[in-house]
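Participant: What follows is each chain in one-letter form.
2 protein chains.
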Amino acid sequence: MRASQIFIPTLKETPAEAELVSHQLLLRGGFIRRLASGLYTWMPLGLRVLRRIERVVREEMDRSGAQEVLMPVVQPAELWQESGRWEKYGPELLRLKDRHQRDFCLGPTHEEVITDLARREIHSYRQLPVNFYQIQTKFRDEIRPRFGLMRGREFIMKDAYSFHMDHASLEITYQSMYDAYQRTFTRLGLDFRAVEADNGAIGGKRSHEFHVLADSGEDAIVSCSHCDYAANMEKASSPAPAAEQEALLEAAQVATPGIRSVNGQAKHLGIATSKIVKTVLVLAEDKPYLLLLRGDDSLNLIKAAHALQVDELRMATPEEAEAATGAPVGFIGPKNLPESLPVLADLRVLGLCNFSSGANMADLHWINLNWERDLPRPDAADLREVTAGDACPHCQQGILGIRRGIEVGHVFQLGQTYSEKMGLSVLDESGRDALVTMGCYGIGVSRVAAAAVEQHFDDRGIIWPAALTPFDVGIVAIHARKSPEVAAAAQALHDRLEKAGYSVLLDDRDERPGVQFATMDLIGLPHRVVVSDKVLAQNVWEYRARRATENTLLSETELMAQLAAGLSGAADQEQQKHQEQAHG
Amino acid sequence: MRASQIFIPTLKETPAEAELVSHQLLLRGGFIRRLASGLYTWMPLGLRVLRRIERVVREEMDRSGAQEVLMPVVQPAELWQESGRWEKYGPELLRLKDRHQRDFCLGPTHEEVITDLARREIHSYRQLPVNFYQIQTKFRDEIRPRFGLMRGREFIMKDAYSFHMDHASLEITYQSMYDAYQRTFTRLGLDFRAVEADNGAIGGKRSHEFHVLADSGEDAIVSCSHCDYAANMEKASSPAPAAEQEALLEAAQVATPGIRSVNGQAKHLGIATSKIVKTVLVLAEDKPYLLLLRGDDSLNLIKAAHALQVDELRMATPEEAEAATGAPVGFIGPKNLPESLPVLADLRVLGLCNFSSGANMADLHWINLNWERDLPRPDAADLREVTAGDACPHCQQGILGIRRGIEVGHVFQLGQTYSEKMGLSVLDESGRDALVTMGCYGIGVSRVAAAAVEQHFDDRGIIWPAALTPFDVGIVAIHARKSPEVAAAAQALHDRLEKAGYSVLLDDRDERPGVQFATMDLIGLPHRVVVSDKVLAQNVWEYRARRATENTLLSETELMAQLAAGLSGAADQEQQKHQEQAHG
Numbered sequence: 003m004r005a006s007q008i009f010i011p012t013l014k015e016t017p018a019e020a021e022l023v024s025h026q027l028l029l030r031g032g033f034i035r036r037l038a039s040g041l042y043t044w045m046p047l048g049l050r051v052l053r054r055i056e057r058v059v060r061e062e063m064d065r066s067g068a069q070e071v072l073m074p075v076v077q078p079a080e081l082w083q084e085s086g087r088w089e090k091y092g093p094e095l096l097r098l099k100d101r102h103q104r105d106f107c108l109g110p111t112h113e114e115v116i117t118d119l120a121r122r123e124i125h126s127y128r129q130l131p132v133n134f135y136q137i138q139t140k141f142r143d144e145i146r147p148r149f150g151l152m153r154g155r156e157f158i159m160k161d162a163y164s165f166h167m168d169h170a171s172l173e174i175t176y177q178s179m180y181d182a183y184q185r186t187f188t189r190l191g192l193d194f195r196a197v198e199a200d201n202g203a204i205g206g207k208r209s210h211e212f213h214v215l216a217d218s219g220e221d222a223i224v225s226c227s228h229c230d231y232a233a234n235m236e237k238a239s240s241p242a243p244a245a246e247q248e249a250l251l252e253a254a255q256v257a258t259p260g261i262r263s264v265n266g267q268a269k270h271l272g273i274a275t276s277k278i279v280k281t282v283l284v285l286a287e288d289k290p291y292l293l294l295l296r297g298d299d300s301l302n303l304i305k306a307a308h309a310l311q312v313d314e315l316r317m318a319t320p321e322e323a324e325a326a327t328g329a330p331v332g333f334i335g336p337k338n339l340p341e342s343l344p345v346l347a348d349l350r351v352l353g354l355c356n357f358s359s360g361a362n363m364a365d366l367h368w369i370n371l372n373w374e375r376d377l378p379r380p381d382a383a384d385l386r387e388v389t390a391g392d393a394c395p396h397c398q399q400g401i402l403g404i405r406r407g408i409e410v411g412h413v414f415q416l417g418q419t420y421s422e423k424m425g426l427s428v429l430d431e432s433g434r435d436a437l438v439t440m441g442c443y444g445i446g447v448s449r450v451a452a453a454a455v456e457q458h459f460d461d462r463g464i465i466w467p468a469a470l471t472p473f474d475v476g477i478v479a480i481h482a483r484k485s486p487e488v489a490a491a492a493q494a495l496h497d498r499l500e501k502a503g504y505s506v507l508l509d510d511r512d513e514r515p516g517v518q519f520a521t522m523d524l525i526g527l528p529h530r531v532v533v534s535d536k537v538l539a540q541n542v543w544e545y546r547a548r549r550a551t552e553n554t555l556l557s558e559t560e561l562m563a564q565l566a567a568g569l570s571g572a573a574d575q576e577q578q579k580h581q582e583q584a585h586g
Numbered sequence: 003m004r005a006s007q008i009f010i011p012t013l014k015e016t017p018a019e020a021e022l023v024s025h026q027l028l029l030r031g032g033f034i035r036r037l038a039s040g041l042y043t044w045m046p047l048g049l050r051v052l053r054r055i056e057r058v059v060r061e062e063m064d065r066s067g068a069q070e071v072l073m074p075v076v077q078p079a080e081l082w083q084e085s086g087r088w089e090k091y092g093p094e095l096l097r098l099k100d101r102h103q104r105d106f107c108l109g110p111t112h113e114e115v116i117t118d119l120a121r122r123e124i125h126s127y128r129q130l131p132v133n134f135y136q137i138q139t140k141f142r143d144e145i146r147p148r149f150g151l152m153r154g155r156e157f158i159m160k161d162a163y164s165f166h167m168d169h170a171s172l173e174i175t176y177q178s179m180y181d182a183y184q185r186t187f188t189r190l191g192l193d194f195r196a197v198e199a200d201n202g203a204i205g206g207k208r209s210h211e212f213h214v215l216a217d218s219g220e221d222a223i224v225s226c227s228h229c230d231y232a233a234n235m236e237k238a239s240s241p242a243p244a245a246e247q248e249a250l251l252e253a254a255q256v257a258t259p260g261i262r263s264v265n266g267q268a269k270h271l272g273i274a275t276s277k278i279v280k281t282v283l284v285l286a287e288d289k290p291y292l293l294l295l296r297g298d299d300s301l302n303l304i305k306a307a308h309a310l311q312v313d314e315l316r317m318a319t320p321e322e323a324e325a326a327t328g329a330p331v332g333f334i335g336p337k338n339l340p341e342s343l344p345v346l347a348d349l350r351v352l353g354l355c356n357f358s359s360g361a362n363m364a365d366l367h368w369i370n371l372n373w374e375r376d377l378p379r380p381d382a383a384d385l386r387e388v389t390a391g392d393a394c395p396h397c398q399q400g401i402l403g404i405r406r407g408i409e410v411g412h413v414f415q416l417g418q419t420y421s422e423k424m425g426l427s428v429l430d431e432s433g434r435d436a437l438v439t440m441g442c443y444g445i446g447v448s449r450v451a452a453a454a455v456e457q458h459f460d461d462r463g464i465i466w467p468a469a470l471t472p473f474d475v476g477i478v479a480i481h482a483r484k485s486p487e488v489a490a491a492a493q494a495l496h497d498r499l500e501k502a503g504y505s506v507l508l509d510d511r512d513e514r515p516g517v518q519f520a521t522m523d524l525i526g527l528p529h530r531v532v533v534s535d536k537v538l539a540q541n542v543w544e545y546r547a548r549r550a551t552e553n554t555l556l557s558e559t560e561l562m563a564q565l566a567a568g569l570s571g572a573a574d575q576e577q578q579k580h581q582e583q584a585h586g
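Keeping their order, the protein sequence lines are chains A and B.
Take 3 as the starting number for the first sequence in the numbering used here and just add one per residue.
Take 3 as the starting number for the second sequence in the numbering used here and just add one per residue.
Since the hints were made in silico from the structure, they are not lab data.
It cannot be assumed that every hint is accurate.
Since the list can't tell identical chains apart, any single copy or any two copies may satisfy a pair.
[Claimed, not checked] As a list, the in silico EDC-like pairs of lysine to aspartate or glutamate whose alpha-carbon atoms are at most 16 Å apart:
hint	residue 1	residue 2
1	Lys14	Glu123
2	Lys99	Glu144
3	Lys269	Asp430
4	Lys269	Glu322
5	Lys484	Glu431
6	Lys14	Asp105
7	Lys337	Asp181
8	Lys99	Asp288
9	Lys536	Glu220
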């Protein structure tokens with residue numbers, strides 16, 4: 003295709019609204035344009051990238067045996083009321099009324115619709131297992147849409163839903179989806195990690211997130227230096243150290259005038275922060291809970307919510323904390339609390355000896371407290387965030403590191419949550435009704451485009467992985483309007499390359515070479531070939547890979563070999579890099 | 003693909019909710035399922051048909067030089083307020099508010115969004131002409147969604163929008179789109195007609211609708227028996243007969259007690275209905291207009307609205323008619339009306355001599371009225387609906403016929419309506435601001451699937467045109483569970499056919515042959531091959547085309563030849579049939 007035939011509105015300046023590199027470069031390269039907050043138009047170049055992603059996703063889903071369908075964007079409220087999510091989902095669910103004042107929503111996800119379809123169409127164990135997927139526009143009314151495609155309101159998802167007679171069948175499909183995702187993101191040339199994730203309140207046993215590794219990622223992901231353990235922050239754990247073995251000292255109250263912080267307390271008392279039990283008051287639907295953590299640990303609220311089996315937790319205000327404990331903030335402690343206040347400790351807290359804590363009176367702390375001798379041993383769970391350097395929970399040899407990731411995929415065992423709520427059962431082999439077990443599997447198709455850019459760019463622009471590039475090869479015809487020879491040779495090379503199966507963008511614009519090179523670098527095609535009077539005179543092509551800094555003069559045979567190697571090799575290189583990082 | 007690997011929920015009974023054949027058969031064949039009123043899920047088989055339609059549409063759009071983009075479904079109200087359509091569009095525009103109480107709508111069409119994009123990105127004549135298209139989910143909140151895909155609320159459109167410096171440039175792209183549509187619908191194997199349509203109040207000069215011919219079509223389309231003139235009812239016209247040349251008789255009032263109808267009047271007065279001028283009172287935004295038509299003609303309200311240059315007309319109630327004319331309904335006539343009441347006559351009314359009409363008094367009519375002698379000659383326009391047998395307005399040799407059509411495409415010259423309202427101008431060659439001229443071009447992609455079925459079915463099911471079929475070939479393996487030879491031979495044939503480039507559905511289900519045949523007929527694959535112990539013993543395949551009534555025993559070489567001829571020939575046959583009908 004000639005550049006004069008495709009609308010590529012590049013920008014010289016970085017748009018002020020764009021913080022992330024991917025947002026900046028996708029706007030500057032003319033891939034997307036903003037219509038309104040969180041709403042983007044895919045321009046011709048961007049849509050070519052999107053279609054390439056969709057194609058790889060579709061091929062791998064088909065290969066896994068999943069069946070493609072297409073469900074409506076607009077969904078009736080009744081189904082969401084059945085599942086209980088009409089109330090629960092919050093303002094991200096965009097609700098609307100049709101002309102007859104009936105309630106609908108724009109689908110952010112399709113569990114309800116597919117479960118409704120399944121209960122109408124699937125009646126026998128003989129129809130199971132089955133796995134349906136779709137690639138579709140979805141809507142989530144983000145409170146602050148930002149980062150371009152990364153967190154838009156309207157976006158494109160691949161979502162799949164599988165149905166099974168039992169958990170063993172779900173496990174097989176779950177693994178097959180996990181494998182399909184591994185193949186998909188590998189083919190897309192992304193450096194990614196699959197990490198264990200928490201299933202949350204919804205039930206089901208297993209869940210994995212797929213993250214593209216990038217410094218700009220919104221999520222922290224945890225991985226082991228030695229084995230292949232990887233998890234997100236809500237799921238990651240590290241074994242608690244062995245219980246301390248110390249001679250028990252005498253408990254005492256110590257004046258700590260105005261000293262409310264852990265660090266202040268450690269300094270004032272001359273002890274390590276790890277010897278301090280700090281308290282955090284949280285509320286679930288206005289019911290207070292007191293959480294205990296080691297002074298050097300941080301609370302993970304989601305872990306706490308799961309441990310307490312509530313949907314959502316929030317931190318108490320100082321007033322709420324004082325009302326629940328009767329003690330001033332900064333001096334709250336586990337000894338002598340109102341009996342009605344439930345207490346949950348992090349596992350590490352249980353191993354402490356001779357620890358310090360607030361005395362539930364102003365300007366007073368305990369030192370040398372010990373469980374059972376001075377106060378009852380509380381219930382405990384994993385409440386803390388792991389930190390870099392923690393021991394790995396799997397191999398006990400490696401240590402945990404923390405990196406940033408962009409979530410682009412999620413595989414999730416739903417179990418029987420929706421089947422129960424919406425009455426999806428089938429006849430089993432013995433003719434009895436059996437609840438169906440479900441899994442769901444998502445890929446953020448439009449987000450993949452942004453994530454790929456976050457991982458593949460330099461100061462000149464995007465560097466597309468071979469699988470995602472809008473065109474395989476860019477040809478720059480230098481002063482083609484003045485040189486008919488250049489114009490003809492460039493067009494002929496374009497035609498031969500397209501015939502050989504490459505998609506080619508021929509820059510035939512009436513621009514200075516510097517502008518042409520800058521455009522090619524900005525839009526990030528993997529291969530650039532320059533056609534000028536000079537190279538024609540030498541009977542060669544001037545070639546440069548997007549990542550290279552020097553030109554190479556190649557015969558056409560050499561050029562063809564270079565392209566073939568570059569394109570087929572791209573995925574392998576990415577794959578290799580990924581594996582190095584996974585073990586590095 | 004094996005039938006056991008694809009979910010095809012066929013139904014034996016015709017669902018009660020489905021009136022149209024296409025709706026019935028697409029439900030029965032397991033192509034679609036209803037989620038809610040006007041909302042359908044595309045099942046695996048249906049989606050394969052949809053994708054084939056999309057592919058042909060996309061190829062022909064690309065070939066025409068149009069550039070594919072993808073705009074958001076959710077559109078900000080501000081743009082619709084600028085164009086004036088936020089108020090005008092009526093309740094079919096589904097309006098909604100986001101979490102910040104800002105107004106949005108679900109896009110039924112994208113003129114506003116693309117015009118906004120163009121005014122941000124297009125600044126110079128050098129960027130024009132350009133034509134953008136998308137294939138996208140749209141929403142129209144129909145008051146009574148029905149007929150399945152034919153008139154759903156959520157549907158898939160291909161919509162294109164072109165931008166030009168002047169009308170001459172628009173004409174070139176308009177013709178190129180017209181040609182692309184001809185190629186598209188021909189390739190899809192549809193018997194269709196392009197008909198002239200009216201541009202309505204929106205301006206612009208030309209417009210054509212593309213209709214699939216089917217008895218169930220909602221629209222009447224008019225075509226000439228001799229030339230290629232074809233138009234929809236709003237646009238179709240027929241030349242008025244020459245003015246009557248009669249000796250003028252004396253006008254007189256005649257008692258017509260209780261005779262309000264045209265037919266009653268004709269009988270009572272002993273004259274032809276064509277000699278009666280009937281009156282129709284209409285209102286536009288509560289302003290009354292009196293329309294005059296010959297007693298044997300019918301009013302077309304849309305023609306009248308255009309002639310009066312108003313957006314919308316409605317028929318007056320009897321009370322409104324009496325209030326506007328001061329005369330009782332049934333006796334209203336053009337002579338002696340209030341001067342403030344505007345009168346518009348159909349062109350045919352002007353040619354009448356000695357005509358009869360109401361006398362604006364109860365139980366009284368005039369006879370032998372003549373223009374100018376008895377009452378002033380009114381303004382006139384084409385207000386009547388053409389009828390079968392009318393003279394052709396183009397060739398003056400043929401007569402008009404009326405058939406039913408399903409509108410599947412529309413090409414439309416928008417002119418400068420949106421450019422003016424939304425301020426889309428560019429610098430012309432002399433550096434002056436110039437308003438941009440636009441065209442728009444739609445194809446009802448999902449509706450094409452239904453229209454194709456309306457045109458291609460029999461009492462056993464669908465008969466897909468080759469371009470639309472979900473699978474090219476169906477293989478029926480008879481008693482495959484009992485005969486390993488049949489199972490193996492069917493699978494091997496399946497594999498060879500797929501390798502030869504055909505998509506194949508292999509029915510390997512454990513069903514009786516009758517059930518297998520009925521399914522194949524219902525889902526409408528063009529070619530069926532039966533594999534049984536009997537045919538294996540003869541070393542042949544049992545072949546039947548979907549339209550045929552007898553089996554043929556073929557060697558594999560003959561089978562391959564048959565398939566090649568059938569598939570490549572299908573489009574040509576349809577094309578030929580189309581041309582025959584176009585001239586028949």
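Participant: Confirm or reject each hint.
Facilitator: Hint by hint, here is what the structure shows:
{"no.": "1", "hint": "Lys14 to Glu123", "result": "between (55 Å within a copy, 14 Å between copies)"}
{"no.": "2", "hint": "Lys99 to Glu144", "result": "between (20 Å within a copy, 13 Å between copies)"}
{"no.": "3", "hint": "Lys269 to Asp430", "result": "neither (66 Å within a copy, 75 Å between copies)"}
{"no.": "4", "hint": "Lys269 to Glu322", "result": "neither (28 Å within a copy, 92 Å between copies)"}
{"no.": "5", "hint": "Lys484 to Glu431", "result": "neither (78 Å within a copy, 21 Å between copies)"}
{"no.": "6", "hint": "Lys14 to Asp105", "result": "neither (46 Å within a copy, 33 Å between copies)"}
{"no.": "7", "hint": "Lys337 to Asp181", "result": "neither (51 Å within a copy, 85 Å between copies)"}
{"no.": "8", "hint": "Lys99 to Asp288", "result": "neither (32 Å within a copy, 30 Å between copies)"}
{"no.": "9", "hint": "Lys536 to Glu220", "result": "neither (48 Å within a copy, 65 Å between copies)"}
In the structure shown, a violation is registered for the earlier hints numbered 3, 4, 5, 6, 7, 8 and 9, in ascending order.
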